[in-house]
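Chemist: Below, each chain spelled out in residue letters.
There are 2 protein chains.
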Amino acid sequence: MTKDQIIVKMVMDRWNASIENCNKLLNAVNDEQLQREVAPGKNRGIYLLGHLIAVHDSMLVLLNMGEKKYPELSKAFLEEADKVVTEIPSAKDLRSKWNEQKEDMKQKFERLTSDNWFERHTSVSEEDFAKEPHRNKLNILLTRTTHLQYHIGQLVYLK
Amino acid sequence: MTKDQIIVKMVMDRWNASIENCNKLLNAVNDEQLQREVAPGKNRGIYLLGHLIAVHDSMLVLLNMGEKKYPELSKAFLEEADKVVTEIPSAKDLRSKWNEQKEDMKQKFERLTSDNWFERHTSVSEEDFAKEPHRNKLNILLTRTTHLQYHIGQLVYLK
Chain B
0 MTKDQIIVKM VMDRWNASIE NCNKLLNAVN DEQLQREVAP GKNRGIYLLG
50 HLIAVHDSML VLLNMGEKKY PELSKAFLEE ADKVVTEIPS AKDLRSKWNE
100 QKEDMKQKFE RLTSDNWFER HTSVSEEDFA KEPHRNKLNI LLTRTTHLQY
150 HIGQLVYLK
Chain P
0 MTKDQIIVKM VMDRWNASIE NCNKLLNAVN DEQLQREVAP GKNRGIYLLG
50 HLIAVHDSML VLLNMGEKKY PELSKAFLEE ADKVVTEIPS AKDLRSKWNE
100 QKEDMKQKFE RLTSDNWFER HTSVSEEDFA KEPHRNKLNI LLTRTTHLQY
150 HIGQLVYLK
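Protein sequence lines, in the order shown, are assigned to chains B and P. The letter at position 130 of the first sequence is residue 129 when you use the working numbering, and the numbering goes up by one with no holes. The letter at position 31 of the second sequence is residue 30 when you use the working numbering, and the numbering goes up by one with no holes.
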């Protein structure tokens, strides 16, 4: 195993474990719990779920894996704070998108070689990437893993 | 820049940014706020601060950088849940330890080469490490970064 294969495994393991933790947590709360604020005056569980799906949907674009699958979620869950957009998808709908996305990303990620992960992501130019080679696809996976962990720390309060 | 240098920079950047986020957050709340539960019935801010210092203290041992500096924190903040141990250090004391530890770790981490980060950590045997080379020092830094982010997501509710 070369060092780049080792590190891709390390980051991928962290991503997969975080997704699995979040998934377990979602399965442990019912739709009514998901509608509650995770703490008084803070985001609702359903907002955090929509937010995670929207952020992970944007990852696909950054990783050059196609267009967003759920562009309709951006307004309510990325651009605006919780409760600003009053009409949002149901818990059932978001759970179904979460599961679909989880499987889709898993398959797409498994197809990438470790060399692919060290390629530039789509929001950095070739010129900048030559000077800043850490702005690669693996860094997208890494930063979204820490982002996910941050919100898992909050979602856990729904239980 | 070789791939292993790139990835060490990536993980180190995540660690440093997370420590700085947490530090800003701690500076934005006063001692009285730190004594509060982050959400009703959940951990107090001061417990999470003590917990982070204790976990980061254990990192030094795993990274083969010496003994724990604050072994007296293990009982209250690692082994036991919040409020089990009634006599805990003051917010002032923990803040001072946090700052001291932050500087100490920074200096120690800067001394490591990227090759050092790919060495085995102290809780894996040479035999196992030969088979599982991802159980290296960089993985300790990575997993503690995601752990830190999880608790930052909670500490932010003190504000």
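Source of the hints: derived by calculation from the structure; they are not laboratory data. Keep in mind that the hints are not guaranteed to be accurate.
Heads up, the list lumps identical chains together, so a pair's fine if it works in one copy or across two of them.
[Said to hold, decoys possible] Result set (DMTMM-like, lysine to aspartate or glutamate): computed pairs, CA atoms no more than 20 Å apart in a straight line:
hint	residue 1	residue 2
1	Lys82	Glu99
2	Lys96	Glu126
3	Lys8	Glu118
4	Lys158	Glu36
5	Lys130	Glu31
6	Lys8	Asp114
7	Lys101	Glu19
8	Lys8	Glu78
9	Lys67	Asp3
10	Lys158	Glu86
11	Lys105	Glu131
12	Lys96	Asp3
13	Lys74	Glu109
14	Lys74	Asp92
15	Lys91	Asp12
16	Lys8	Glu131
17	Lys68	Glu102
18	Lys41	Glu71
19	Lys130	Asp12
Chemist: Where does the structure disagree with the numbered hints, that is, which hint numbers, in rising order?
Modeler: 1, 2, 5, 8, 9, 10, 11, 12, 13, 15, 18
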